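Those protein sequence lines, which keep their order, are chains A and B. Heads up: the first sequence at position 204 corresponds to 204 in this note's numbering, and the numbers run straight through without jumps. Heads up: the second sequence at position 74 corresponds to 74 in this note's numbering, and the numbers run straight through without jumps.
Heads up, a few of these hints could be off.
Stated by the list, open to error - Facing chain B, from chain A, some residues (calculated, C-beta under 8 Å):
id, residue
1, Glu11
2, Leu12
3, Ala17
4, Lys18
5, Ser19
6, Ile125
7, Cys129
8, Glu172
9, Ile175
10, Ile194
11, Thr204
12, Leu205
13, Asn212
14, Gly215
15, Gly217
FYI, nobody ran anything at the bench for these hints, they're computed from the structure. Bear in mind the structure is a predicted one, so any value in this text is a computation, not a measurement. C-beta atoms are modelled at their ideal positions from N, C-alpha and C, and glycine is treated no differently.
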Amino acid sequence: MRLLIVEDEKELCDTVAKSLHDIGYEVDTCYDGNTASELIICEKYDLIILDLNLPGIDGMTLLHMLRSDDDETKVLILSARSQIADKVEGLDAGANDYLEKPFHLQELHARVRSLTRRNFIQNDICLSCGDLHFDTRSRVASAHNIPISLTRKENGILEYLLLHQGRPVSQEELIQHVWDSSVDTFSNSIRVHISSLRKKLKQTLGYDPISNRIGEGYQIGGTHS
Amino acid sequence: MKKISLQWRLTLMTSLLIAISCIVLNLLLYRTGSFYMESLGDSVQDYGISFALPKVQDPDNLYIDIPENNWDDFVSQFSIQVVDTKRGYGIYGWLITAVITLLSGFLTYFISGQALKPLRAFSRQVAQVQFQNITDCSVTPNGVPEFRQLCQSFNQMLERLSAAFQSQRQFTGNAAHEFRTPLALMQAKLDLYSSAPHPGTDPETAETLTMMQEQVERLSKLVKTLLDMSELQTIQRKDHVALIPLMDEVLTDLMPLADSRNITLVQQTSENPASSDHLCVTGSDILLYRLFFNLIENGVKYNRENGSVKIDISKEQNFAIIKISDTGNGISKEYLESIFQPFFRVDKSRSRALGGVGLGLALVREIALLHGGNVSVASSSNAGSTFEVRLPLSQS
Chain A
1 MRLLIVEDEK ELCDTVAKSL HDIGYEVDTC YDGNTASELI ICEKYDLIIL DLNLPGIDGM
61 TLLHMLRSDD DETKVLILSA RSQIADKVEG LDAGANDYLE KPFHLQELHA RVRSLTRRNF
121 IQNDICLSCG DLHFDTRSRV ASAHNIPISL TRKENGILEY LLLHQGRPVS QEELIQHVWD
181 SSVDTFSNSI RVHISSLRKK LKQTLGYDPI SNRIGEGYQI GGTHS
Chain B
1 MKKISLQWRL TLMTSLLIAI SCIVLNLLLY RTGSFYMESL GDSVQDYGIS FALPKVQDPD
61 NLYIDIPENN WDDFVSQFSI QVVDTKRGYG IYGWLITAVI TLLSGFLTYF ISGQALKPLR
121 AFSRQVAQVQ FQNITDCSVT PNGVPEFRQL CQSFNQMLER LSAAFQSQRQ FTGNAAHEFR
181 TPLALMQAKL DLYSSAPHPG TDPETAETLT MMQEQVERLS KLVKTLLDMS ELQTIQRKDH
241 VALIPLMDEV LTDLMPLADS RNITLVQQTS ENPASSDHLC VTGSDILLYR LFFNLIENGV
301 KYNRENGSVK IDISKEQNFA IIKISDTGNG ISKEYLESIF QPFFRVDKSR SRALGGVGLG
361 LALVREIALL HGGNVSVASS SNAGSTFEVR LPLSQS
């Protein structure tokens with residue numbers, strides 16, 4: 001796994017790089033937009049961690065450049081901008097995830113794992129997180145070997161969250177992937193399904209594995225803050 | 001005098017002026033009148049003395065024949081008559097003065113009221129300019145020249161005020177923003193350090209590190225809340241949010257916290273479930289979530305063990321009324337308003353121990369106001385307090 005970190009705060013960049021290197025990733029670093037644009041063109045990365053405010057070419061432009069001919073490379077935006085509008089703009093431009101500064105390294109690691117693991121985890125038949133398991137073939141969720149009876153929608157949500165565990169999944173993303181495009185009000189119906197799913201899981205599991213991160217989405221697994 | 005309304009002031013002053021003019025007029029008229037009357041009387045008496053027998057035959061003149069033996073009698077009667085006339089003239093004069101003064105005073109009240117109409121319209125406009133909508137409000141000048149100027153100065157003042165608010169908000173936002181990168185670096189360094197085992201660390205260093213971790217965490221939270229507050233205005237408020245599912249989600253999210261303190265969360269609604277779909281508010285989903293999350297989280301945090309938090313949603317005309325009652329210690333009367341101020345904390349050490357930064361309720365109030373609603377403490381006693389949120393329902 002090869003990562004690129006683009007971050008103008010040198011110290012922060014190196015710290016993040018070291019921490020990711022320690023858990024087994026090959027990491028390149030770069031502190032400005034111009035160098036980053038060259039690296040993006042010449043090298044092939046699995047994941048790019050991108051700051052938005054950069055000297056030279058700024059982060060958003062870099063993202064557009066990358067996405068013009070590359071849909072494979074995952075991009076995680078790491079930014080001091082926290083406005084919802086910025087987040088939406090970044091995700092719309094093709095970023096896969098968005099993390100606000102300041103952040104915990106564990107959180108970043110979880111997100112990175114989630115983004116880089118996606119390809120092979122989809123081949124597993126059984127998804128799991130802690131004591132919770134989901135069989136994608138028979139479409140049955142279970143905890144401690146006790147099956148949990150869920151509705152079709154709830155199964156869909158659980159499967160999607162488990163597939164992307166470690167990072168929050170926004171309501172919009174869930175609607176796109178779990179609903180069959182006929183959903184009317186954006187948040188209200190999904191909210192009802194999620195709440196009921198969480199109650200059912202808690203009943204069997206003893207705790208609620210899903211957390212709701214304000215403004216970001218629902219997350220299963222990873223670090224909870 | 002200062003407490004009297006402008007209209008009354010004008011009326012009183014005008015009345016006073018009328019009264020003084022009338023009195024002077026009356027005094028002068030009375031003096032001239034009585035002077036002439038007296039001269040009439042004098043001339044008759046003079047006449048009586050100089051011409052004892054008025055026998056002049058003049059066809060042009062009025063001829064009064066008074067027998068000589070009655071003459072003295074006539075003179076005395078005439079002088080009495082003159083005195084009576086004078087007194088009557090005086091009394092009527094005063095009476096008329098009084099009536100005219102009262103009447104014109106009465107009229108002045110209405111006329112000045114009419115004249116002061118633009119002022120009343122102006123004050124109505126000004127009353128509508130409240131703190132919340134200060135930025136998108138101005139007073140339209142009406143025809144009267146004095147008011148045009150007053151309106152202008154007022155509008156300029158409003159502009160300056162809203163600019164001041166704006167720059168204060170921006171400053172907080174920018175400052176908080178600048179804190180983020182150094183904080184991120186500190187956080188990352190600390191995390192990196194603690195991720196690997198350091199067997200040689202002495203207890204003092206370990207303690208310092210833990211303390212720093214906690215404080216960085218706190219600072220991050222504070223910066224985040226400050227930014228949230230400064231960005232409130234720019235967040236779009238166009239979502240159609242159903243309150244009951246929203247509340248359900250907030251309760252699900254707070255369940256672990258409530259469970260850890262053995263506090264029961266109860267949601268009830270007096271609306272029947274079929275019509276509860278209509279309990280929808282137009283606004284920002286995220287902000288409304290935060291509003292209720294903060295309020296209920298407070299209810300859980302500042303509660304006693306084995307207590308409860310009750311949430312009651314009802315409808316009152318075009319408003320949704322959400323009541324959140326806890327079984328905590330209550331809030332003393334003098335703090336009922338100030339708890340909504342930024343950085344206000346009733347018990348600093350306790351709230352810090354619970355991880356608060358003193359902005360939760362300030363954010364709640366800002367959000368409620370932004371959505372055209374309000375939040376207040378409906379009641380508070382030793383047995384617990386009830387917060388009441390009013391939000392305008394969506395027009396469907």
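Hints versus structure:
no. : hint   : verdict
1   : Glu11  : holds, 6 Å
2   : Leu12  : holds, 4 Å
3   : Ala17  : violated, 10 Å
4   : Lys18  : holds, 6 Å
5   : Ser19  : holds, 5 Å
6   : Ile125 : violated, 29 Å
7   : Cys129 : violated, 16 Å
8   : Glu172 : violated, 11 Å
9   : Ile175 : violated, 13 Å
10  : Ile194 : holds, 7 Å
11  : Thr204 : violated, 15 Å
12  : Leu205 : violated, 12 Å
13  : Asn212 : holds, 5 Å
14  : Gly215 : holds, 5 Å
15  : Gly217 : violated, 11 Å
In summary, the numbered hints that this structure violates are 3, 6, 7, 8, 9, 11, 12 and 15.
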